[in-house]
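Asker: Now for the letters of each chain:
There are 4 protein chains.
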Amino acid sequence: MKTPQYIGVIGSGTCTASTYSVARDLGFEIGKRGWTLVCGGLKGVMEGAARGCSEAGGMTLGILPGLDKRSANPYITVPIPTGLGDGRNLLVVRSSDVLVAVAGGYGTLSEMALALKADKPVIGLKTWKEIPGVHYADDYLEAIHLIGLSLSSKVMKPQKGAKGTKNKIGI
Amino acid sequence: MKTPQYIGVIGSGTCTASTYSVARDLGFEIGKRGWTLVCGGLKGVMEGAARGCSEAGGMTLGILPGLDKRSANPYITVPIPTGLGDGRNLLVVRSSDVLVAVAGGYGTLSEMALALKADKPVIGLKTWKEIPGVHYADDYLEAIHLIGLSLSSKVMKPQKGAKGTKNKIGI
Amino acid sequence: MKTPQYIGVIGSGTCTASTYSVARDLGFEIGKRGWTLVCGGLKGVMEGAARGCSEAGGMTLGILPGLDKRSANPYITVPIPTGLGDGRNLLVVRSSDVLVAVAGGYGTLSEMALALKADKPVIGLKTWKEIPGVHYADDYLEAIHLIGLSLSSKVMKPQKGAKGTKNKIGI
Amino acid sequence: MKTPQYIGVIGSGTCTASTYSVARDLGFEIGKRGWTLVCGGLKGVMEGAARGCSEAGGMTLGILPGLDKRSANPYITVPIPTGLGDGRNLLVVRSSDVLVAVAGGYGTLSEMALALKADKPVIGLKTWKEIPGVHYADDYLEAIHLIGLSLSSKVMKPQKGAKGTKNKIGI
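Residue numbers (the numbering used here), protein chains in the order written: chain D, 1 to 171; chain W, 1001 to 1171; chain A, 2001 to 2171; chain L, 3001 to 3171.
Wrong hints could be hidden among the right ones.
As the list claims (entries may be wrong) - Pairs of lysine-lysine residues, derived as DSSO-like cross-links and limited to a Cα-Cα distance of at most 27 Å, are as follows: (1) Lys2(D) / Lys129(D); (2) Lys32(D) / Lys1002(W); (3) Lys3032(L) / Lys3120(L); (4) Lys3043(L) / Lys2002(A); (5) Lys3129(L) / Lys3043(L); (6) Lys1043(W) / Lys2120(A); (7) Lys3129(L) / Lys129(D); (8) Lys1002(W) / Lys2(D); (9) Lys32(D) / Lys43(D); (10) Lys2002(A) / Lys2129(A); (11) Lys1032(W) / Lys2(D); (12) Lys1043(W) / Lys1129(W); (13) Lys32(D) / Lys120(D); (14) Lys1129(W) / Lys2129(A); (15) Lys2002(A) / Lys3002(L); (16) Lys43(D) / Lys1032(W); (17) Lys43(D) / Lys3120(L); (18) Lys2002(A) / Lys1129(W); (19) Lys3129(L) / Lys120(D); (20) Lys2043(A) / Lys2032(A).
Note that these hints are calculated values from the structure, not bench results.
Chain D extracted, bound-state conformation (with noise of 0.2 Å):
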């Protein structure tokens, strides 16, 4: 079996239309190269990257927060439900290989947080400003961009000496 490469979309529950469509595109997106997205499972920003990457034929993970497989949304094909809560953040971090963050909550900060502790390449789009090592995307097509640089090289980790707190984040 290849080994799959795991895009982890992160995003809040809840959601614009405008920012659904967004992560509709760019799960479509994800699905069309092959990827297999991982996210939360639930609705929102979650819904409509699975929607779009399912849409593409894409497989898409869920890692729920909950113990009931049923609480996927309907675009998940693989619902794992951990019982853990806010602990399954950690494990979408864990198993992505790059992270695109798309709009999002104090959810979505953890993760972003937790992935950069781990070294991981993290793109933001329409979320969360200014934190050093992100590495941000006007519109879902530089996204994909940023996604395909940060599979094929090293070049997308996050930026060396940037885990301080003495530069500028903001939204």
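Starting from the known structure of chain D, arrange chains W, A and L on it as the hints suggest.
Answerer: Same frame as chain D, now just chains W, A and L:
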């Protein structure tokens, strides 16, 4: 997406050729029925079961103790690296609708106990003996029959009153 | 700060008065020797052991399945809410230098197995029988004697070659 | 046993002498008030805070990423080895009644975000800036004042409506 049915096959990472063969036969029957195999993703019983399942065209999940997807055996379709060590045993249990223990050591015993604690049906095949609540099978075909029963009804739940330590267990 | 010695006492959340009394006697001897008690923080055996230990002036840790510190029994000095459910069983094991199982059901069996898997000494008192590698004691004083041995040397590690499923176990 | 009050102090494992000193002053005031310190148990800010707290006679919990109690800094009264790596960050958050972030990098940011997600009060001192919902203090005495407020009432919960990504944050 129809919620998939997850059959956990638990057993140790090293085993005899004969046990490997039983695990493979069991896995094949699981895959043939369209069920998804969940296991710990490593060698031995886990590999045998995953191999059989994938040979029948089934999907195989490997919930790994380490952080590297590539530590999965070659028959795992969906590797899930957790970095939780034996903490992943609980995730194997929580993901599974029903579990089959094949031979196995202490890790397997911990999973059987956690599954029984969570009121999940546990089927035993050449494994730790006389544990109250476990449904013992004589061969892989009887195990498959018991899996089918457990998925279709409630009759396979651990027997009530079986949780005490008064009954005899053994190997 | 001198590193404290942690004695895990595992057993179920409901028990007979006689088992509670054994746990309390055991806990008292633990506290008297300046050892710290680690347990799951709830009722039954956990409460009996914590009560005895605190009555002897000892410190008691309760690693709780839930999110609320106040779910600990009243004899817990240091409650640790985890929100991990049975996932906290592994933390009880990982914290303990040596474990004593007192009676107990499936949860206790899972902890015994996880401890043996992690090569920690396990002492059994009126609990799951004939598990290879467990050092069985006839009463709480013998258990205390075995704890002392295990803290002072390596002689109490699980017996090598004990991990298979060939040996008999029972209750 | 009266339920103890747990003050989480989060910050990175390496820090400047001046940040260490702030953490130590903060820890001292925590210990003086009879509160228990919860931290990640390692060096840097965690050690500074534990040192101050223990110097004031307070109890200090160190929830460790590794499996060895002896990896705790020398001022930890109660080391808790977890073996969960950054997964222990969530346990620090879940144990704490209120958290103070002192300087810190990505790990600290993940804990701030997880705490805000869990609706726990978060106080910021020389740390990640402009995160909605964080109560920023100018010095350790103001932080202590805010801790006191948060323990005595509900006024310190994260501000409602603060979870979105519309507000500005920065360092």
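Asker: Hints first: check each against the structure and report whether it holds.
Answerer: Now for the hints, and whether the structure bears them out:
no., hint, result
1, Lys2(D) / Lys129(D), "36 Å, violated"
2, Lys32(D) / Lys1002(W), "22 Å, holds"
3, Lys3032(L) / Lys3120(L), "23 Å, holds"
4, Lys3043(L) / Lys2002(A), "17 Å, holds"
5, Lys3129(L) / Lys3043(L), "23 Å, holds"
6, Lys1043(W) / Lys2120(A), "24 Å, holds"
7, Lys3129(L) / Lys129(D), "12 Å, holds"
8, Lys1002(W) / Lys2(D), "25 Å, holds"
9, Lys32(D) / Lys43(D), "22 Å, holds"
10, Lys2002(A) / Lys2129(A), "36 Å, violated"
11, Lys1032(W) / Lys2(D), "22 Å, holds"
12, Lys1043(W) / Lys1129(W), "23 Å, holds"
13, Lys32(D) / Lys120(D), "23 Å, holds"
14, Lys1129(W) / Lys2129(A), "12 Å, holds"
15, Lys2002(A) / Lys3002(L), "25 Å, holds"
16, Lys43(D) / Lys1032(W), "32 Å, violated"
17, Lys43(D) / Lys3120(L), "24 Å, holds"
18, Lys2002(A) / Lys1129(W), "43 Å, violated"
19, Lys3129(L) / Lys120(D), "23 Å, holds"
20, Lys2043(A) / Lys2032(A), "22 Å, holds"
Checked against the numbered hints given earlier, the structure breaks hints 1, 10, 16 and 18 and satisfies all the rest.
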